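J.: Sequence:
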Amino acid sequence: MTQIRATFALIAVLSLPVAGRAQVTSSAKFASGETLQASGISAALPGQLDSIMTAAIANHASPGITIAIGRHGRVVYTHGWGPTD
Numbered sequence: 001m002t003q004i005r006a007t008f009a010l011i012a013v014l015s016l017p018v019a020g021r022a023q024v025t026s027s028a029k030f031a032s033g034e035t036l037q038a039s040g041i042s043a044a045l046p047g048q049l050d051s052i053m054t055a056a057i058a059n060h061a062s063p064g065i066t067i068a069i070g071r072h073g074r075v076v077y078t079h080g081w082g083p084t085d
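Note that the working numbering has the sequence shown beginning at 1, numbered continuously upward.
Errors might be hidden in some of the hints.
Pair by pair, the computed Cβ-Cβ distance ranges are [stated by the list, open to error]:
1. GLY73 to LEU45: 17 to 23 Å
2. GLN37 to GLY73: 17 to 23 Å
3. HIS72 to ALA44: 18 to 24 Å
Read the hints as simulated data drawn from the structure, not as lab findings.
None of the values given here were measured: they were computed from a predicted structure.
In this text, a Cβ means the ideal position worked out from N, Cα and C, and glycines have one as well.
Using the sequences plus the hints, can you model the full thing?
T.: The following block contains the structure:
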């Protein structure tokens, strides 16, 4: 478990310089053209996440955020906020 944490920390630290030179974009994607509702996830979730993540970036909590939501063993939603390269 300690090795996993150390590996994750190393990846996070190494990715910081890349985030600093990137341009700001936003993207959302649903797996296989499926809607969130069809996968059993609230349709309101993207709007709620957008508010939370945009505020976090504005408050300098992170330069950028990427999430992936999985359900029943597959990714059903991905989205990124902030800098990308």
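J.: Now tell me, hint by hint, if it's right for this structure.
T.: Each hint, compared with the structure:
1. GLY73 to LEU45: 17 to 23 Å: Holds, since GLY73 and LEU45 (Cβ atoms, about 19 Å apart) stay within the stated range.
2. GLN37 to GLY73: 17 to 23 Å: The hint (17 to 23 Å, Cβ to Cβ) holds, given that GLN37 and GLY73 are roughly 19 Å apart.
3. HIS72 to ALA44: 18 to 24 Å: Once the Cβ atoms are compared, 20 Å apart, the range 18 to 24 Å for ALA44 and HIS72 holds.
Every hint from the earlier list agrees with this structure, and none is contradicted.
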